[in-house]
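S.K.: In the order they appear, the protein sequences are chains H and G. Numbering that gives the first Met the number 0 numbers the first residue of the first sequence as 0 and each following residue consecutively. Numbering that gives the first Met the number 0 numbers the first residue of the second sequence as 0 and each following residue consecutively.
Hints may contain errors.
Using 30 Å as the maximum straight-line C-alpha spacing, the simulated BS3-like pairs for lysine-lysine come out as follows [as the list claims (entries may be wrong)]:
hint, chain 1, residue 1, chain 2, residue 2
1, G, 147, H, 111
2, H, 111, G, 98
3, H, 176, H, 200
4, G, 147, G, 171
5, G, 160, G, 171
6, G, 147, G, 160
Listing some non-contacts, in silico: residues in chain G with all C-beta distances to chain H over 12 Å [to be verified]:
hint, residue
7, 63
8, 88
9, 96
10, 99
11, 117
12, 150
13, 155
14, 158
15, 184
16, 186
Worth flagging that the hints you see were computed from the coordinates, not collected in a lab. Values in this document were obtained by computation on a predicted structure and should not be read as measured data. The beta carbon of each residue, even a glycine, is placed where N, CA and C say it ideally should be.
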Amino acid sequence: MPHLGFRLRVALFFVATIIAVQALTAILGYEVARRELVRQGGAQLEANSNAFVAQMDDIAARVASSVQVLSQDYGLRSAIGEQDHGTVLSILRNHGRRVGATRMQLVGLDGKVQADTAHPGTAAAPFARPALLEGAFDGRKAAVVAENGTVFWQVVVPIYAPQPAGLVVASVPIDDKLLTHMQELSTLPRDVEMMTRPAGKPWAVVAHGGGEARLPPGFFAGNDHFPDAPVLAQSGGREYLVLARSFPQAAAGDPEVAAVLGYSLDEALRPYRSVWLTWAGLVVLGLVLGVLGSVLIARSVSRPVEALAAAARRIEAGDYRAPEGLRRNDEIGQLATSFQAMTAAIGQREERIREQALHDAVTGLPNRVASQAAIDRPRATSEATLVMLGITRLPEIIKTVGHALGDRLMHDAGHRLSDLAGSRLVGRVSDTQFVLWLPDAGRTRATELASRLLDALGRPFVEGDFSIDMGPAIGIACAPGDGEDAATLLRHAEIAQFAASGSARGLAFYDAATDPHRPDRLSLMGDLREAIDQGQLTLHYQPKLDLASGRVTAAEALIRWQHPRRGLVPPDAFIGVAEETGNIGRLTRWVINDALARARAWTEVGHPINIAVNLSARDLEDPDLTRRISDLTALHGVASSILTLEVTESAVIADPARALQELRRLADLGFKIAVDDFGVGQSSFAYLRQMPLHELKIDKTFIRNLASDEGDRVVVRSIVDLSHRLGLRVTAEGAEDTAALDYLREVGCDCAQGFQIAAAMPAQAFAERFLVDGTTA
Amino acid sequence: MRRAYQTLAGLVLGLAANAHGGTLVVHVDDGHGHPADSAVVTLESPGRDGAPPAPATHTIDQRDETFIPYVEVMRPGEQVVFRNSDNTRHQVYSFSELKRFEYVLRPGASSPPLTIDGSGIVAVGCNIHDEMITYLFVTSAPARVTGKDGNARFEDLAPGKYPVRVWHPQLKPGDQGARLEAVVAEGGPATPTPVHLTLLPDPRASMDREHMGY
């Protein structure tokens, strides 16, 4: 763990505290035990020293009583009485052996040695320690003396025969053997030594007892003062309690004698050592267990917390799996359980929200967002098809029967779609539109499926008394040709679907060429304004051949745009845009202005060619149209009859009353009015009759196959007849072969236009070709 | 050393105030203020001994394992008989220079009369019972043994100065006892003459030599 968790810190604190307390306790315990040992040892030492002295006295008493027996020996008494020296010596030796004395002396009442087992032949000499003799008759008299490096008990016993007759001095050596024996018989301390100091010499050990804890040799060497109370002393790294008992000198000048009793603290502490070791082992064990326990507890706490934290991060990232390994019975377990419950709840809620966000409530199908996401998903095949199906009549249906039934209808439509779609995505992308995403289908299969869809949705929706046609229309966009991303495909499919809804078949593929919503069109409009100002536009002229005279008497002005970057832009590409963006008025004015200028120029050179220009439906909506055109005519100073205004039937039909009114005003001013593309639109003779027409232009679709198609011939002949009867001139468009021209001439058509005569061409070319040597009228 | 510093204290004499002469009373104590009995006080100067003539034969009885008396004063040439009044056997002996002897006395028996010639002290013991001891003080001079009160009394002495010797069986070995000069006044009151002795413990039954305090 990189950092200490709370519990670990708490546990470590306790462990540290325990260790500190234990250490203090240990030190305290050691000190107490040691002091107690020192105290007890001291007391014991003192008691032992007393016991030692008492034992020594006992030895002296024992020797004395033994000698006492000797003194009452009648043989000795009589030998002394009879002054039998030899007998006395032998008796003394004999008794000396009995009492363990190495030397026996008989001292007379005059203080002179009469017999000495150590020096049998010596003459009477004064006894070395008269003071020892003096009190002998008073009672006890014994002394510890040192002689020749040996310590003796010298015990003096009087001899009565029956009155005092002399003194026996017994010398019992206090040697190692005796001391060891004494130690064995008693509770003497661990070590005892006898030391002497002859006058002027250092102390020397002359005897010591057995035992393990021997005082080091020379312990008191050079030490004058003997401790008469227990003291602590160190020697050789070991500690001793030491007490000395000195023995009174029996005679001045005698070597001093002392017994040193030692008590080894180390020895005394030895029994405790195992206790210390056990204790230390327990502390270490406790420490290890404590630390181990702390770590385990900390881990058992931090692990699940970390797992919960990780789970929280996963939830943040949207992964709602339950955290693992948290089945516990403690608080963490409860937290984990709550956590899991919370996670599950969040997951369910999110699922519901996602469902709502990505699905259409009415049909239960994926909505636009979900569909878009599905379409954008990478796919295995390069070809894919997006089918958009619009229920075109839905707004009308809702207005008629309400939203509830509309919803049920859409629900039903969704079902029908889904049944056909199988596993493929069906989504509802708008109120009226469904999509079907075919990620593996090309154009052919899509067409096939679309047909089946149209069949399925072609059946009316029946509910109760209502039987409602849905009016399905299908637009199809194919990836990658019509776009790759969902947004583009959807947009293009929608455009196709709009196109389809106007068609009889009800099915259309997206066609970029006719797409009125291509983005480049917007930029084109800006360019168009510049083009008008900067003269990028030019008018080309297509001749109209007067079939009766065989002369070109009129021309149709057709606009051309030489774009500086795009090159030649076809009129289809920008006229529609101009209409939609409100720029058509301006364009039309420019065309008319330019055409009038040309007409004037040509008129001035003797060629009063009638020039026809096209008016769009939007132009007819402009209330100022008539005034503007008449102003231009006046400006150029030409007769209004030189200008022919061509309109299509559809332009009139958009707002017939207004269009007709405008056209009449123009006609009243002398402008010639022509109907363009006659025959392909919703040709209405009712309008045709009301329009102030001068000319009728038959659409090129009737003319193109005139040579071979009998039907077209009949139509053309009929139109020509009808027009002539109505007083109209007739012009045929798209005359592309001589056969057509011949037939047109035959049926009495007034004019013809088309490649067979000439394509549109610049004014200069037109003038050079058709306005020479008086070919015009 | 600790040799008798004993004081030859009082020369003050109690003189006999009667017509017969003076009286000398010597009071012996053991140095601790206790009167000492069994001390022998001898007047060494020639003079009339007012004491009755001593019997020719002295008897030393042995009763309860004790010699009775402890000290017997004799004149040279007199006889002594040791009589065993106990129902145990006694072996009476002496190694003294004055007289050496040894008798085994059955219960109720007596020794033959033993004549002591010459002056001196004869210490007599029993070889069976160590604590038994008695002293025969043989002298030709007037001598008295102190009683329980520690007093020895001499009557009808002519006034004058008398050398006095005081001996006791429990004197330390080598201690010759006290010597002093007593003055006897005419008819005066007998003021005791004090004598201080340093004595060893009584060796007789009262003490056990085998347990002498070791």
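S.K.: Now tell me, hint by hint, if it's right for this structure.
M.R.: Results for each hint:
1. G:147 to H:111: Not OK: residue 147 (chain G) and residue 111 (chain H) at ~37 Å, beyond 30 Å, violated.
2. H:111 to G:98: holds, 25 Å
3. H:176 to H:200: At roughly 25 Å apart (the allowed maximum being 30 Å), residue 200 (chain H) and residue 176 (chain H) satisfy the hint.
4. G:147 to G:171: Since the Cα atoms of residue 147 (chain G) and residue 171 (chain G) sit roughly 21 Å apart, the hinted pair holds (cutoff 30 Å).
5. G:160 to G:171: Cα-Cα ~28 Å, so holds.
6. G:147 to G:160: The hint holds at about 26 Å.
7. 63: It holds; residue 63 (chain G) is separated from chain H by about 17 Å at its closest Cβ, greater than 12 Å.
8. 88: holds, 15 Å
9. 96: violated, 9 Å
10. 99: Violated, because the least Cβ-Cβ distance between residue 99 (chain G) and chain H comes to about 7 Å, which does not exceed 12 Å.
11. 117: Fine: 18 Å to the nearest Cβ keeps residue 117 (chain G) off the interface.
12. 150: Correct as stated: the minimum Cβ-Cβ distance to chain H is 25 Å, above 12 Å.
13. 155: Its Cβ never comes within 12 Å of chain H, the nearest being 34 Å, so this holds.
14. 158: Correct as stated: the minimum Cβ-Cβ distance to chain H is 37 Å, above 12 Å.
15. 184: Nearest chain H Cβ is 37 Å from residue 184 (chain G), so the label holds.
16. 186: holds, 41 Å
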